[in-house]
Amino acid sequence: MSLKKILYGTAYYYEYLPYDRLEQDIAMMVKAHINVVRIGESTWSTYEKQDGVFDFSTLDKVLDAMHAAGIQVIVGTPTYAIPTWLAKKYPEIMVQIDGKRQPYGARQIFDITAPAYLRYAERIIRKMIRHVAQHPAVIGYQVDNETKYYGTSSDNVQRGFVQFMKDQFDGDLDALNHEFGLDYWSNRINAWEDFPSMDGTINGSLKAEFDRYRRGLVTQFLQWQVDLVSQYKQPNQFVTHNFDFEWRGYSYGIQPDVDHFAASEPLDYAGGDVYHPSRKHLTGAEISFAGDLLRTLKHDNYLIMETQAQAFKQQVPYPGQLRQLAFSHIASGANMVEYWHWHSIHNSAETYWKGILSHDFQPNPIYNEVVQTGGQLAQLSDHLVNLKAKADVAFLVSNQSLSALQNFPFSDQRNYNDVFRALYDEFYKLNIRTDITDEHHIRLDDYQLIVVPALYSVSDTFLEALNAYVKRGGHVIYTFKSGFTDEHVKVRTVQQPGIISEACGVHYELFVDPDGCQLVPQDATIDGHSDLHLQDWMELLVPDTAQVIAKYDDPNWHDYAAITKNQFGAGSTIYLGCFPSADVLRQVIQAYAQELNLLPFAATFPVIIKQGRNQLGKTVTFYFNYSSEAQTAQLVAPGQELITDTTVTAPVRLDPWGVAIVESSPKE
Amino acid sequence: MSLKKILYGTAYYYEYLPYDRLEQDIAMMVKAHINVVRIGESTWSTYEKQDGVFDFSTLDKVLDAMHAAGIQVIVGTPTYAIPTWLAKKYPEIMVQIDGKRQPYGARQIFDITAPAYLRYAERIIRKMIRHVAQHPAVIGYQVDNETKYYGTSSDNVQRGFVQFMKDQFDGDLDALNHEFGLDYWSNRINAWEDFPSMDGTINGSLKAEFDRYRRGLVTQFLQWQVDLVSQYKQPNQFVTHNFDFEWRGYSYGIQPDVDHFAASEPLDYAGGDVYHPSRKHLTGAEISFAGDLLRTLKHDNYLIMETQAQAFKQQVPYPGQLRQLAFSHIASGANMVEYWHWHSIHNSAETYWKGILSHDFQPNPIYNEVVQTGGQLAQLSDHLVNLKAKADVAFLVSNQSLSALQNFPFSDQRNYNDVFRALYDEFYKLNIRTDITDEHHIRLDDYQLIVVPALYSVSDTFLEALNAYVKRGGHVIYTFKSGFTDEHVKVRTVQQPGIISEACGVHYELFVDPDGCQLVPQDATIDGHSDLHLQDWMELLVPDTAQVIAKYDDPNWHDYAAITKNQFGAGSTIYLGCFPSADVLRQVIQAYAQELNLLPFAATFPVIIKQGRNQLGKTVTFYFNYSSEAQTAQLVAPGQELITDTTVTAPVRLDPWGVAIVESSPKE
Amino acid sequence: MSLKKILYGTAYYYEYLPYDRLEQDIAMMVKAHINVVRIGESTWSTYEKQDGVFDFSTLDKVLDAMHAAGIQVIVGTPTYAIPTWLAKKYPEIMVQIDGKRQPYGARQIFDITAPAYLRYAERIIRKMIRHVAQHPAVIGYQVDNETKYYGTSSDNVQRGFVQFMKDQFDGDLDALNHEFGLDYWSNRINAWEDFPSMDGTINGSLKAEFDRYRRGLVTQFLQWQVDLVSQYKQPNQFVTHNFDFEWRGYSYGIQPDVDHFAASEPLDYAGGDVYHPSRKHLTGAEISFAGDLLRTLKHDNYLIMETQAQAFKQQVPYPGQLRQLAFSHIASGANMVEYWHWHSIHNSAETYWKGILSHDFQPNPIYNEVVQTGGQLAQLSDHLVNLKAKADVAFLVSNQSLSALQNFPFSDQRNYNDVFRALYDEFYKLNIRTDITDEHHIRLDDYQLIVVPALYSVSDTFLEALNAYVKRGGHVIYTFKSGFTDEHVKVRTVQQPGIISEACGVHYELFVDPDGCQLVPQDATIDGHSDLHLQDWMELLVPDTAQVIAKYDDPNWHDYAAITKNQFGAGSTIYLGCFPSADVLRQVIQAYAQELNLLPFAATFPVIIKQGRNQLGKTVTFYFNYSSEAQTAQLVAPGQELITDTTVTAPVRLDPWGVAIVESSPKE
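Residue numbers (UniProt numbering), protein chains in the order written: chain A, 1 to 668; chain B, 1 to 668; chain C, 1 to 668.
In isolation and in its complexed conformation, chain A is listed as follows (with noise of 0.2 Å):
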């Protein structure tokens, strides 16, 4: 689906204001180009005031408004906040856990499979969505906002997961405590009624099992409000949803209760939220792993449905930075980005995660940023706009291998998404594009590198794929704990790191805490004044036909490998079987790629690079300068900048958080 402009816009929430100023917000929009709003996705008490009364009057007059204005809207169905009537009548829908059911307030705190609660979000779907769809205005549809399973472990999901588990497993009891292991601590389930509730499960496999029931639960839910939307819709709307990333107070790494894979599926875009450090602590990585997986969901252009303007006093971005970071959303395949919010709310819980506008209304240093930025990306839309580009680098990245860490953890600090973090973001400082996709969705010949963290979780029969892959001239990075474990996350009976031994040319039978011990290179690829530290994990490694990088300094194991390469087939593979510093995981990334013919430009961090193809058959260059000290970088093909208007030659001078974008014909 390819869109005919960039949009860029505001989470609109006018049932927000303290007073009505309608008309002075969309003029402010207007002069800072904005041209889409998203609004309606968490204001279900307002439209709803009581069972079974509706008033979309706000709604109608926000969207006749932005029509009039030219602003677009993409309305949000009002499902992820409930009313308190709704509450008070339906107790029971509240999300449970640990057997506590959890009082009202929050968003996102009702259990998604409780009928009462899917009933009545159905009515006011099938209600409003019938309400706007033949509104001139209305572009497309978010469904719900941010959906999890909210940890939910209500009795109807229990019942749902024993059934899960009884059509998985045929009935066959025995063979769900054999591939559980449900004999330790007298756990055996011998009859289907006896079926333990989770909440006190001390059975890490089964727990994961649990989560992938749930995510699955996520996917289940949003495919059932794309299918009630799209009994509406026009056919020029599109219907897409707002996904989020694991958070640690922004946008860390894959979300660990929700298959973005599998959820994704049902929709028209892509979309999702992305916040990030800012002022001297903002790289630039969140927005490009999160475009990397949002674009590959789809292999489409993305929808970022938010991301920070003022956002919490630790983000408040420098200036430059605001229109830096919506052009690096274009530079990953954004073809929209919208920002949370317009105006900074003056009760309750986000009071302080500031919009646009702070709380008076006012222009200020951000809003004048926004007008900047809008301005430019008005002017070049149809140069940025349904930008492709190619990826030669995949990671494979795993919701179960996530969950499964989490209850059989190899850190007390650290978890999957740290190892992802960790490989991700050497490449994305060397300037590497890469996408980000799953073991069900991948199309491994469409790379030449496979980047795998922690595959902890997952079939023989993938593994047995990712072997024959590089057996065919494939490449792939293992880290430590690949391959340890079965679909189900019991432990395979093989040597490890098992089926993917072959294809590694090692093994290992012992793995220790580091606990002070260090890198001891064996040939050039690691500098050896590096920072050779080691955290959370080694294993020792016996290289059977593997190539040693690296070994460790304790004397007692001084024999075994920490990192190796291996030559299987056609292909190669790198297998670290430890967690070394950020420093070493850019050495040995940067001469794997170096040796694969995989590092595109010269420039590494903090000059970002990214190119991608326009619509009218150019190449554009982004180059961004993420630092406080002025950069310059050599040029990468000659062209038009296309913000200055200037042609470039000579190498590309970049401000402190400053952006060139060059355009120029395809050398191909």
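Because the hints were derived from the structure by calculation, they are not lab data.
Among the clues, some could well be false.
Any copy will do: because identical chains look the same in the list, a pair fits if it lies in one copy or spans two.
Unchecked claim - Pairs of lysine-lysine, BS3-like flavour, derived with a Cα cap of 27 Å:
hint: 1; residue 1: K388; residue 2: K4
hint: 2; residue 1: K61; residue 2: K127
hint: 3; residue 1: K4; residue 2: K127
hint: 4; residue 1: K551; residue 2: K280
hint: 5; residue 1: K166; residue 2: K89
hint: 6; residue 1: K100; residue 2: K89
hint: 7; residue 1: K88; residue 2: K100
hint: 8; residue 1: K166; residue 2: K88
hint: 9; residue 1: K49; residue 2: K388
hint: 10; residue 1: K390; residue 2: K4
hint: 11; residue 1: K148; residue 2: K166
hint: 12; residue 1: K49; residue 2: K166
hint: 13; residue 1: K667; residue 2: K390
hint: 14; residue 1: K88; residue 2: K148
hint: 15; residue 1: K390; residue 2: K618
Chain A is fixed; fit chains B and C onto it per the hints.
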């Protein structure tokens, strides 16, 4: 209300004694010139062993024995710790937090609005006070003890709150929804019966209102007890209460859960307890702030109902400190110093919160110092009792702002009281006496300078009154976050800092986390070699008419102001847009105080000077040395040193932790 | 009870195997000279898949196969992990903590007094033990496993406790109220039916009594199981239990929740599990203290039911350590060393608590060292089995003091066991063998020196017995907090440290937090260049007759003593009024031991020497090197080194983590 002599005493728990030693205890008290004890406030289960069976024999015995020894008695109503039988009979009276009823055990874990509790509490109060009121030993009553609302969110409290809101908004739900921004996240309340429990609320404004309502319950409860006691008390007997403060292992700041200003209204005397660091950590600041607050409550002398003797292992005083502390209380305006407690307890929760006597009841260094101190106080009583002092500076504190900032924190490490204390402690160390009061009780024109820490939530009316006060010649120091929200914690929609912008001559649109930023002094107020670091918060101030005292060193924001000063009408203001170091605060305050002629003494901490007028019409100047090194203080006025009964005309030499008290004829 | 040979073995879970490999496992065991396995203790749900349906076929299969291979079997009663069907049928048996019933999942989460649990447990025990008792492979039984009371405060436990108190106080509530000081905070119990739940109690003495009562439940439970098993067991079979210790990720100190001294009475053998730090953190101290305690329980050899093979990633031993550890257990008096466990488990909670084999079941470095160790043990069995040794020093430990100090902590970071270990470890490092027992079992006159860490709660009678022991020539080291409270944790009303003041020749009134204070040595005992800092606690000792070893450096308290020594009658005492560094403790202990002629060997840690008499009447001296550097130890007595079968007459050279065992003729 004035007393005839300084009361020096202790809490005494005859009921807790491991063996009867009333006579020995009284003999030891008499030796120490102890002339008052507080009894009875936590022994309901001893006086009423079963429902309706009363036995006041131990009370009588203690009253008689004390009276015989010439020791006066304050009797506490025993309602803050309930008997086992009452908890068994009416389990519903136990406090409910997050839907969980707390188990019996501790004191202060019942719901102070529970009808069953109130019925039984009323009966024991009536029985007990009627029983003792005629006893000649009884000089007064303490109603309950350290009353708070104990975090209760029981159903009846919830119902009461809904009614409170209904009354406040005249039943107008639209007004309520608008004022508290309840459209946000679908939290609208469209019928009063839908009002959700406050347990789960994410609306910080509503939560702050709930806290205000619950502080009101404490006020009502104390009023109710005073009314009950007043039906029996004799004309020469007083009623007081034992207020306490924010607890950080000692008395740190304003009490979050009680509105001292309202709750003290029905009392004859303000009373409170003060605990503080000791040994090398002792500064006296807690005694001073608590004393200033208690004194201001009724603009009269106050009673220290509890302060530490040995207390916890980290609080055992150095030789000399205990005596210094007693005089410090007097110097702040106390008419009574009562220790908690006489004998260390041999069981239960406070075994290691030691009293004057250790568990062996023998004389010990602390007791010996009590004997010495008691002797001196008895000797000097006429010179020290009913001491009066006038403050030219007032701190304007706010329970509502404190609550609101718990819900909308400016820091993950510090709260309202840290701002209050950061400022207070510098005034204390500069020997500037202050009153401490709230916006409903302050008499603005009594003061030359009003210090306003983080007045986050307050009405327009009061801010306008402050503006007017400045205009007609007053002076105000404001900190960051002041004026931001209205009395319902709704953020103001005008330019920040809202209404006070006018008097401060600044405004701001952005505020950020310091994250390493430092101050850049703009004039001589702040020494460039000071500790210029900032914590928690910085507002990017735009001076309108204000003069800039300091800016920020971040090159992106170096045009903004950090600390400003403004002439407005006949007065002036200082606005602190950030949270600077103690070092910087001291300089700003000292310079301003100097300019306003508010620095009474040359000496500064560790020499602390307090001055008052005694009932003999003389000026009494206390000199304290709060350090382990001897100090010499310039003589403020020649006169008679009372402890040594010697004439002083030269500088005052102070031993480590020493005290001198000079009585002189007033200058005026 | 004596064994014919050293037992060397492992826990074996046939039921947990991912595929049947019984024959291969046994072949590998035979190769490793494994001659015993423990089976059955956690697989109730496998043996009784549904209520009343029993199937012991896997048990039979393992017994037959083991017997055929000459491997003996210890059978565990399977009662510490209950089946899913039992939890479904009787949800009321799950343990209740703070009023919340715990969900099914983990082992050891039911109430060991619940009638339904006991009824079903009895049936499976009877069925199972009757089934296996005649099998020739079975040499003994383990009743339950690591039994504790699991924090239960279920209603029936509460009822039992009330009855226990009623019995203890002959129904005299006044006595109860007085002894526990229940007048405090109105906690008086004026009718037995008012006795409140212990969930909320703030009475630390009562809480400690509740803990004592609950430890008694464990004693009763084990006695009940022993009685059941004894109805079936054959004369040549033994009954044991697997005791464990305070857990800090490894066995740290005395078990808080079990009275090992009482609970071991019905057992034939004391048994226990020992886990400890490994690699460079290995000292052997845990093996030694646990061994000393287990050995003293029955004054006989004991069984190590579990100790680590690979265990967690931080515990994988260096080459040589596993062998050293096995001999260390033997040297302390163990007759069996059994690993937990044979094969690493492929699912559930202990997947990363690895056994001898990794998940791939292949030989690995750990297994190889087991093979080597097993061979040496088999060869030396006659020289090592039933080894006896006498200790001249005893540690007097106290579950009740441990519990009481949890309720009345002297530190926010350390507890009773830290004091115990601080002292124990110095004796260990000085190679002084100790017994470890409690006040109900100690035979005072068996020892020259008794070490008494923090004997906070104990009867007058016992303290008087200690005084008498000193008077007639015994020696005691006491630490701070000893003697402070009686057996019901009521603080003594005499001068502290109470009754022992007489033998110690000191008293104190005040105790304070060190807060930077250091020791000032007063004689040659402590080197002035030692680490003189103090932690947690310092009593301001006043020497009456005692000689002062150290004082405090605080100028305010420099007259007080910190460590004293006193002659009393024919004996002497050391009193440690503070918690000094390991450095100081070592010097005080070493000097005292020297004086008392208790230092058997010149060597100290990292050379550890243990000596015993074997059944051949020879003296066996073990030399261990607990370090990564080679060491040379002076020869204690010439003789035959057993492992290498060579005569040694010169100093013993020890490799890193090395062992030498010299058998010689006894001197006496």
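(request) Enumerate the violated hints, using their earlier numbering and listing them in ascending order. (result) 3, 9
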